[in-house]
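Residue numbers (the working numbering), protein chains in the order written: chain A, 9 to 105; chain B, 9 to 105; chain C, 9 to 105; chain D, 9 to 105.
Treat the hints with caution; some may be incorrect.
[Claimed, not checked] Computed far set for chain D versus chain B, every beta-carbon distance over 12 angstroms:
#1 S10
#2 T20
#3 G23
#4 E24
#5 S25
#6 R32
#7 I36
#8 D39
#9 L46
#10 K58
#11 D62
#12 K88
#13 G92
#14 G96
[Stated by the list, open to error] Label pairs and their in silico Cβ distance ranges:
#15 C:D65 to D:E103: 13 to 23 angstroms
#16 D:A99 to C:Q102: 44 to 54 angstroms
#17 C:P91 to A:D65: 32 to 42 angstroms
#18 A:Q102 to B:K95: 40 to 50 angstroms
#19 B:P28 to D:E103: 19 to 29 angstroms
#20 A:D65 to D:P73: 37 to 47 angstroms
#21 D:A70 to C:A70: 28 to 38 angstroms
#22 B:G92 to A:S25: 45 to 55 angstroms
Calculated from the structure, these hints are not laboratory results.
Even glycine gets a Cβ: it sits at the ideal position worked out from N, Cα and C.
Protein chains: 4
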Amino acid sequence: MSTIIELAIFPTDKGESVSPFVARSLRIIKDSGLDYELNPMGTCIEGEFKQVLDVVDRCFAALEPDCDRIYLTLKADYRKGPPGRLKGKVASVQEKL
Amino acid sequence: MSTIIELAIFPTDKGESVSPFVARSLRIIKDSGLDYELNPMGTCIEGEFKQVLDVVDRCFAALEPDCDRIYLTLKADYRKGPPGRLKGKVASVQEKL
Amino acid sequence: MSTIIELAIFPTDKGESVSPFVARSLRIIKDSGLDYELNPMGTCIEGEFKQVLDVVDRCFAALEPDCDRIYLTLKADYRKGPPGRLKGKVASVQEKL
Amino acid sequence: MSTIIELAIFPTDKGESVSPFVARSLRIIKDSGLDYELNPMGTCIEGEFKQVLDVVDRCFAALEPDCDRIYLTLKADYRKGPPGRLKGKVASVQEKL
């Protein structure tokens, strides 16, 4: 089984530059051991549904202590079948171009 | 503390009519006891972050057994302060019109 | 034909209270004459695809002059068939509960 | 000025494999001449707001003739300042790790 989520999470009470806060989440994602890919609008993470949801929970917990307002957007794509879809989905589209 | 999420979750392998699957999630949201509001594009739910994430997990678990592909979109807005924001946020905008 | 979008658009360089900016967009949506519904996480608008996209463009134009950073999230659901789905989609789920 | 959008658009009435339809959009994005990056959950595109919205419109128009139901998710991040942020945003986070 494979769930890919794309997560963007950032405070909205810290002015317009939020990359230090985004870096906090990225460190947690990296430490999770799950496959991930950072892009300009979020980070894609692949795992079992509960695993990726747990990462989301930890990213929130890393911001909550010093942020008064936090915005989060998440998309998820679950597909019954083998993992390895971070690379696979992109390849599948590109070969049809 | 108050987190409002808006959740949309549906299978993409069941053709274009998915309201029976959306109803499954709504039942779970209702049974959670959290404040919620169904709208044409998703359901807003208010609670503590872990509480709303737990509801998301249960909605996914209700679809996973008979759906081969599931899509989910989620937005969250966390604000330090009192709950009651499902009504409060809408009122705050409308009084500024 | 019917496209429903849900739009959320707000500056992220103005601190955590952004309802005056959200009210600007709501006024534009109201003046468009399209069917709409404000909810705690965005505003649903129904129309032809080009019509709703044009409203998004005008909402952005209303923030751009005095906002240095703007975030926007949008979901759209297009369905071949008659309009009137702002009420119809919610009713279709509720009758299956 | 720089707007980055991330776009995902696909039919939900064609079963679970939709990469041929995603490829249609990617071809339009490519032909637009704007900077873009495909990722597992969408495509990031950078340009002026009206330019990127115009691309969205054309992607929809490429699916509408033979799709009865279409779902679209979009995030946008506008920032007053120079373009080149597809690479810049990712670098800015990575150097803070």
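task: Hints the structure violates: just list their numbers, smallest first.
output: Structure breaks hints 2, 3, 4, 5, 15, 19 and 22.
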